[in-house]
Amino acid sequence: MAGKTIVVTSGKGGVGKTTTVANIGTALAKKGHNVVLIDADIGLRNLDVVMGLENRIVYNLVDIVEGKCKSAQAMIRDRKLSNLHVIPSAQTREKDAVNPAQMKSLCAELTEQFDFVFIDCPAGIERGFKNAIAAADVAIVVTTPEVSAIRDADRVIGLLEANLVKETHLIVNRVNQKMVKKGDMMSVGDIVTLLSVSLLGIIPESEDVVVSTNRGVPLVHDRSSRPGIAYTKVAARLEGEEIPLDEDNGVKLMDRVKRFFMG
Amino acid sequence: MLSAIRRFFKDKNSSEVARERMQFVLMHDRVDLTPDIMEGLKNDILAVFARYMEIDQSSIQVNLEQGKGYTALVSNVHIKKVFRKK
Ligand SMILES: Nc1ncnc2c1ncn2[C@@H]1O[C@H](COP(=O)(O)OP(=O)(O)O)[C@@H](O)[C@H]1O
Ligand SMILES: [Mg+2]
Chain A
0 MAGKTIVVTS GKGGVGKTTT VANIGTALAK KGHNVVLIDA DIGLRNLDVV
50 MGLENRIVYN LVDIVEGKCK SAQAMIRDRK LSNLHVIPSA QTREKDAVNP
100 AQMKSLCAEL TEQFDFVFID CPAGIERGFK NAIAAADVAI VVTTPEVSAI
150 RDADRVIGLL EANLVKETHL IVNRVNQKMV KKGDMMSVGD IVTLLSVSLL
200 GIIPESEDVV VSTNRGVPLV HDRSSRPGIA YTKVAARLEG EEIPLDEDNG
250 VKLMDRVKRF FMG
Chain B
0 MLSAIRRFFK DKNSSEVARE RMQFVLMHDR VDLTPDIMEG LKNDILAVFA
50 RYMEIDQSSI QVNLEQGKGY TALVSNVHIK KVFRKK
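Protein sequences appear in the order of chains A and B.
Residue 1 in numbering that gives the first Met the number 0 sits at position 2 of the first sequence, and the numbers go up by one each step.
Residue 6 in numbering that gives the first Met the number 0 sits at position 7 of the second sequence, and the numbers go up by one each step.
By construction, these hints were calculated from the structure, which means they are not laboratory data.
What you are looking at is a predicted structure, and each value in this text was computed from that prediction instead of being measured.
It is possible that part of the hints are untrue.
[Said to hold, decoys possible] Not close to chain A: a few residues of chain B, all C-beta gaps over 12 Å, as computed:
(1) L45
(2) A46
(3) V47
(4) R50
(5) I54
(6) D55
(7) N75
(8) I78
(9) R83
[Claimed, not checked] Footprint (simulated), chain B over chain A, 3 or more residues, beta carbon under 8 Å:
(10) 140-151
(11) 183-191
Beta carbons: idealized from backbone N, C-alpha and C, even for Gly.
Can you make the complete structure from the sequences, with help from the hints?
So this is what it looks like as structure tokens:
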């Protein structure tokens, strides 16, 4: 059985892509799936530190595509979960060190052994983005409730459609319910209506995220963490479980709405 | 009462303002009407109208407007004279 390749992207930087990849990947591995996470942010390596694996790196993504090592040699095994692996990005290379065809062949090879291949996409919509989405069956677009992030998300959703990525889902990260109630933050319902895309999860704004990255231990290992719980639900939804979306938000949501204007 | 009205029209909370601004911005981003396309569109519309009536060429406006559940392309042209049927 061939696994799925899922790219996590956003357009805007700093909205939570790496956090999302680390946590969904870990949550799925905890459920017993074989998971590999690829850091495709070449030149700005991050996923390894968020996962707490920075001192185990030998080879990287560019080494694999250049044939300097086998993909298995570049994979770092997670400290807690033996069925979870990370392929780190190259810290001192340029984005054009990899091309879309190479990403496709790597992911084709990986989906033979793994149930889920996650790709952590760099910010922007240029070369690095094109590499990251080339092999994806599914895209998860991450946004925050801020206008600039939403606008960039909309652009990225359009580009994913144009590049024939079959399935696109949305995660709204850093939602602050207090601000939403006061009328000072757009609700998730508003954002889903604006972007006309299916909603996969709502992640609350939380200090836990910083603590988790400080330690290099993903949030989903902590059963009492609110963002951790939210990410565990996202993972369950990716497995096909139906978990109501409004329970963590109190907002009625349309699960799937047509894009309100086809450009 | 006045303050209530003022609040209703002006001091919308910031999330409402953001939502309305995003509706507008995303619509324009998606349609991507470049100045070139806009100019071509205006000229074509003018040419069609001119076959039926005399119009004020300088009066033409073309705008995108957001309704509930639809996006409309709205054009306004001032008529000078309608040709008499022959
Ligand atoms: N839900 C959240 N609550 C609080 N801080 C968050 C949350 N999600 C992400 N962050 C913080 O935002 C920053 C950017 O997150 P990251 O996952 O690295 O984004 P990206 O990969 O999109 O650049 C990090 O410092 C992270 O700790
Ligand atoms: Mg990142």
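Comparing the hints with the structure gives:
| no. | hint | in the structure |
| --- | --- | --- |
| 1 | L45 | holds, 25 Å |
| 2 | A46 | holds, 25 Å |
| 3 | V47 | holds, 24 Å |
| 4 | R50 | holds, 30 Å |
| 5 | I54 | holds, 29 Å |
| 6 | D55 | holds, 30 Å |
| 7 | N75 | holds, 21 Å |
| 8 | I78 | holds, 30 Å |
| 9 | R83 | holds, 41 Å |
| 10 | 140-151 | holds (count 3) |
| 11 | 183-191 | holds (count 5) |
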